[in-house]
Amino acid sequence: MKARVHVMLKNGVLDPQGEAVRHALGTLGFDGVKGVRQGKVIELDLDEADAETARAQVTRMCETLLANTVIESYSVEIG
Amino acid sequence: MHAAVITFPGSNCDRDLAVAFAAAGARVTRVWHKDTDLPEGVDVVGIPGGFSFGDYLRCGAIAANSPICRAVVAHAKRGGYVLGICNGFQVLTETRLLPGALMRNAGLKFICRSVDLTVATTQSDFTALYQQGQSLRVPVAHHDGNYTAGPDLVAQLRDEDRIAFTYGAPVNGSVADIAGVLSENRRVLGMMPHPERASDESHGSTDGRQIFAALTGALTAA
Numbered sequence: 001m002k003a004r005v006h007v008m009l010k011n012g013v014l015d016p017q018g019e020a021v022r023h024a025l026g027t028l029g030f031d032g033v034k035g036v037r038q039g040k041v042i043e044l045d046l047d048e049a050d051a052e053t054a055r056a057q058v059t060r061m062c063e064t065l066l067a068n069t070v071i072e073s074y075s076v077e078i079g
Numbered sequence: 001m002h003a004a005v006i007t008f009p010g011s012n013c014d015r016d017l018a019v020a021f022a023a024a025g026a027r028v029t030r031v032w033h034k035d036t037d038l039p040e041g042v043d044v045v046g047i048p049g050g051f052s053f054g055d056y057l058r059c060g061a062i063a064a065n066s067p068i069c070r071a072v073v074a075h076a077k078r079g080g081y082v083l084g085i086c087n088g089f090q091v092l093t094e095t096r097l098l099p100g101a102l103m104r105n106a107g108l109k110f111i112c113r114s115v116d117l118t119v120a121t122t123q124s125d126f127t128a129l130y131q132q133g134q135s136l137r138v139p140v141a142h143h144d145g146n147y148t149a150g151p152d153l154v155a156q157l158r159d160e161d162r163i164a165f166t167y168g169a170p171v172n173g174s175v176a177d178i179a180g181v182l183s184e185n186r187r188v189l190g191m192m193p194h195p196e197r198a199s200d201e202s203h204g205s206t207d208g209r210q211i212f213a214a215l216t217g218a219l220t221a222a
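Line by line, the protein sequences give chains A and B.
Position one of the first sequence corresponds to residue 1 (my numbering), numbered consecutively onward.
Position one of the second sequence corresponds to residue 1 (my numbering), numbered consecutively onward.
Next comes chain A alone, as it looks inside the complex:
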């Protein structure tokens, strides 16, 4: 079973890298970009065949290692 985790900085946490990308887009002439937030996508290939068990496993992985929940939020896609 495949899983995909999206990790983003929480709303309200200033994202200096996203801000730099936004500035660069403006310099390149892409007007009207009001905000850019940069995150990560982590793909996992799991032995687990049951979707709900896999979701629970990946959620534990996010809480333990994949995201720092002090500053980041995450979402899990299964399949």
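Hints are computed from structural coordinates only; laboratory data are not their basis.
Among the hints, a few may not be true.
Unchecked claim - Using 27 angstroms as the maximum straight-line C-alpha spacing, the simulated DSS-like pairs for lysine-lysine come out as follows: (1) A:Lys2 x A:Lys34; (2) B:Lys77 x A:Lys40; (3) B:Lys77 x B:Lys109; (4) B:Lys34 x A:Lys10; (5) A:Lys34 x A:Lys10; (6) A:Lys40 x A:Lys2; (7) B:Lys109 x A:Lys34.
Once you've looked at the hints, dock chain B against the given chain A.
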């Protein structure tokens, strides 16, 4: 006093930290990240600067989940002392022994220079030999030192007098210019600047030396 200094793959200030502890009179044992236990009778654990595990995923995140870090967390929870410098501070926030998080510097650049630090509290066994408000000259060398905490946490850290050091002028975007914080029991200190690189005459500053001297004094007397 017995200090343990941990080495992760990618640590690069572990030797300097061991030298600074030894110069202050500590007995120092070097510990490998795969070890599952700290040496018997360790008083203080030093988590050094560097780029543990290549800073993959997030700075300090993989080190914080290494076998030795489980022993470090247990040591801290028993009331043991821990000093985390630079990457060591990042490891301590990732283990949640210290609150907040260290994000990419606001200016996005790696910053490597000496900065002015202000001693924000002398009420700890790390900072007891300084004067309140004393200005120190200590190097920083980091890409991710932007201390991030919500307003409630900053207020709590202030109320509990747990901000150990602040930058004399903004360096990396840290909230309230925070450069180092203490745990609730004041026995865990994390700081981005490198006191071990300001502890020998040849470094150009010896302002960091008193942290090691204060710890050795406090823990040897006890």
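Hints versus structure:
no. : hint               : in the structure
1   : A:Lys2 x A:Lys34   : violated, 34 angstroms
2   : B:Lys77 x A:Lys40  : violated, 32 angstroms
3   : B:Lys77 x B:Lys109 : violated, 35 angstroms
4   : B:Lys34 x A:Lys10  : violated, 33 angstroms
5   : A:Lys34 x A:Lys10  : holds, 17 angstroms
6   : A:Lys40 x A:Lys2   : holds, 17 angstroms
7   : B:Lys109 x A:Lys34 : holds, 23 angstroms
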